[in-house]
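Model the full assembly from the supplied sequences, consistent with the hints where possible.
The residues making up each chain are set out below.
Protein chains: 4
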Amino acid sequence: MWPFEHAQYATMLSRSLLDRLLQFRSERDWAQFHNLRTLSTSIALEAAELLEHTQWVRDSELEQVVTERRPLIEQEVADIVILLSYLVNDLGLDVEKAVEAKLALNARKYPVALAKGSAKKYNEF
Amino acid sequence: MWPFEHAQYATMLSRSLLDRLLQFRSERDWAQFHNLRTLSTSIALEAAELLEHTQWVRDSELEQVVTERRPLIEQEVADIVILLSYLVNDLGLDVEKAVEAKLALNARKYPVALAKGSAKKYNEF
Amino acid sequence: MWPFEHAQYATMLSRSLLDRLLQFRSERDWAQFHNLRTLSTSIALEAAELLEHTQWVRDSELEQVVTERRPLIEQEVADIVILLSYLVNDLGLDVEKAVEAKLALNARKYPVALAKGSAKKYNEF
Amino acid sequence: MWPFEHAQYATMLSRSLLDRLLQFRSERDWAQFHNLRTLSTSIALEAAELLEHTQWVRDSELEQVVTERRPLIEQEVADIVILLSYLVNDLGLDVEKAVEAKLALNARKYPVALAKGSAKKYNEF
Numbered sequence: 001m002w003p004f005e006h007a008q009y010a011t012m013l014s015r016s017l018l019d020r021l022l023q024f025r026s027e028r029d030w031a032q033f034h035n036l037r038t039l040s041t042s043i044a045l046e047a048a049e050l051l052e053h054t055q056w057v058r059d060s061e062l063e064q065v066v067t068e069r070r071p072l073i074e075q076e077v078a079d080i081v082i083l084l085s086y087l088v089n090d091l092g093l094d095v096e097k098a099v100e101a102k103l104a105l106n107a108r109k110y111p112v113a114l115a116k117g118s119a120k121k122y123n124e125f
Numbered sequence: 001m002w003p004f005e006h007a008q009y010a011t012m013l014s015r016s017l018l019d020r021l022l023q024f025r026s027e028r029d030w031a032q033f034h035n036l037r038t039l040s041t042s043i044a045l046e047a048a049e050l051l052e053h054t055q056w057v058r059d060s061e062l063e064q065v066v067t068e069r070r071p072l073i074e075q076e077v078a079d080i081v082i083l084l085s086y087l088v089n090d091l092g093l094d095v096e097k098a099v100e101a102k103l104a105l106n107a108r109k110y111p112v113a114l115a116k117g118s119a120k121k122y123n124e125f
Numbered sequence: 001m002w003p004f005e006h007a008q009y010a011t012m013l014s015r016s017l018l019d020r021l022l023q024f025r026s027e028r029d030w031a032q033f034h035n036l037r038t039l040s041t042s043i044a045l046e047a048a049e050l051l052e053h054t055q056w057v058r059d060s061e062l063e064q065v066v067t068e069r070r071p072l073i074e075q076e077v078a079d080i081v082i083l084l085s086y087l088v089n090d091l092g093l094d095v096e097k098a099v100e101a102k103l104a105l106n107a108r109k110y111p112v113a114l115a116k117g118s119a120k121k122y123n124e125f
Numbered sequence: 001m002w003p004f005e006h007a008q009y010a011t012m013l014s015r016s017l018l019d020r021l022l023q024f025r026s027e028r029d030w031a032q033f034h035n036l037r038t039l040s041t042s043i044a045l046e047a048a049e050l051l052e053h054t055q056w057v058r059d060s061e062l063e064q065v066v067t068e069r070r071p072l073i074e075q076e077v078a079d080i081v082i083l084l085s086y087l088v089n090d091l092g093l094d095v096e097k098a099v100e101a102k103l104a105l106n107a108r109k110y111p112v113a114l115a116k117g118s119a120k121k122y123n124e125f
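Quick note, the sequences are listed as chains A, B, C and D, same order.
Be aware that the first sequence starts at 1, since it is given in the UniProt record's numbering, and climbs by one per residue.
Be aware that the second sequence starts at 1, since it is given in the UniProt record's numbering, and climbs by one per residue.
Be aware that the third sequence starts at 1, since it is given in the UniProt record's numbering, and climbs by one per residue.
Be aware that the fourth sequence starts at 1, since it is given in the UniProt record's numbering, and climbs by one per residue.
A few of these clues could be false.
Same chains, same names: a pair is fine if it fits in one copy or spans any two.
What the hints assert, rightly or not - In silico lysine-lysine, BS3-like type, Cα no more than 25 Å apart, as pairs:
hint : residue 1 : residue 2
1    : Lys97     : Lys109
2    : Lys102    : Lys116
3    : Lys102    : Lys121
4    : Lys121    : Lys109
To be clear, the hints were calculated from the coordinates, so they are not data collected in a lab.
Owing to the predicted nature of the structure, the values given are computational and were not obtained by experimental measurement.
This is the structure:
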């Protein structure tokens with residue numbers, strides 16, 4: 001049953017900060033609203049808010065945007081990390097292990113010899 | 001200049017795994033493609049892939065989807081974490097501190113007395 | 001009840017093509033899966049697929065991408081239009097009227113004197 | 001060169017309303033900001049705003065949300081249609097023809113015999 005198990009694995013943040021996130025949710029009785037769909041949707045919406053900061057930005061203006069909007073960008077990143085932490089916690093997912101497995105898969109899909117200096121997708125090689 | 005500083009702060013993963021992500025990128029000469037816009041876009045696209053797993057799913061089917069698709073869901077989460085790790089690294093962002101600040105802000109926007117048991121947005125109270 | 005009324009207003013496509021879209025859906029008994037959430041989610045997912053075509057593209061490469069990938073881009077646009085047509089139909093929404101109202105609102109939010117040549121959002125003026 | 005040709009094909013709206021959209025853009029000198037990437041990004045961002053209306057909504061609450069939030073939903077749909085109209089115009093794309101082609105493709109990918117009453121993706125049959 002959701003949440004799937006206690007989050008001994010969620011290593012994206014310090015254990016104490018994750019505990020504070022979980023306490024924040026528990027005090028507001030918000031776990032009832034969290035499931036794979038609502039958290040995935042929320043992550044997508046926060047990712048859209050992050051993306052909004054470069055919506056109309058030309059390549060030549062990118063660095064200036066980062067400098068000027070850094071506090072706002074940090075907030076959007078924090079929002080994504082918070083939601084991702086709830087999801088990872090509720091799934092009982094070992095992030096470190098999941099990333100290691102994905103990195104190994106990516107290494108096979110994007111061998112250095114083919115991928116070096118190229119932004120092509122693996123199915124375009 | 002992007003990347004803004006070396007990532008002594010990126011605590012989402014172990015330092016050694018982050019180093020392996022950075023080495024993976026460096027071996028492929030991919031840092032040239034990474035900036036605020038391309039990484040934000042990529043995070044949004046991976047969030048969409050995660051969201052796809054519940055695209056047509058009814059409330060009553062959510063738990064079954066998590067059980068059946070767990071390996072795929074873990075891969076999508078890993079993709080988001082990897083891209084977020086590059087972004088956090090390149091911004092020189094202290095995730096722990098950013099999340100603490102956002103949590104404090106959220107506590108002000110969503111006081112327990114108003115927010116308990118409610119999925120309303122703060123501007124709807 | 002969803003769908004809210006018959007779509008005498010959905011003018012995004014010719015009436016005959018909209019009828020073929022509705023017949024396509026009816027033959028597959030797919031209306032049961034369509035509601036505000038699933039259609040909004042699907043539009044967001046198709047928008048992500050369109051966005052993927054410029055994920056890593058520099059300003060200077062944009063025109064070349066349009067030329068080379070035109071057939072794929074047309075398919076993604078068509079996917080969005082199809083889903084939007086179902087949504088507009090099911091909401092019984094008068095697109096022409098809705099766009100006219102939004103255009104009037106945008107004219108107030110972005111007066112020529114302030115907005116000319118600027119990509120700023122209305123709340124940044 | 002972008003925009004690719006004059007939009008004799010953009011049939012999503014009446015010709016006169018499309019002309020007013022183009023005039024709105026021209027008066028503000030905004031065509032300089034519009035290309036495949038910025039318009040795709042903007043469509044994705046507006047799709048996210050539409051999606052936000054069902055972010056935390058349970059199946060049983062969906063109809064109520066449509067009833068209560070209809071004016072806001074219509075605005076979000078209008079935003080997507082406006083951006084899509086600019087994109088279709090600038091690409092010189094024949095929407096009617098593109099949708100017809102996609103519908104024919106979908107009919108091959110989702111034959112009635114396999115797809116009837118099923119929300120599976122074509123690669124899951």
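How the hints compare with the structure:
no. : hint            : in the structure
1   : Lys97 / Lys109  : within (18 Å within a copy, 35 Å between copies)
2   : Lys102 / Lys116 : within (19 Å within a copy, 35 Å between copies)
3   : Lys102 / Lys121 : both (16 Å within a copy, 24 Å between copies)
4   : Lys121 / Lys109 : both (9 Å within a copy, 24 Å between copies)
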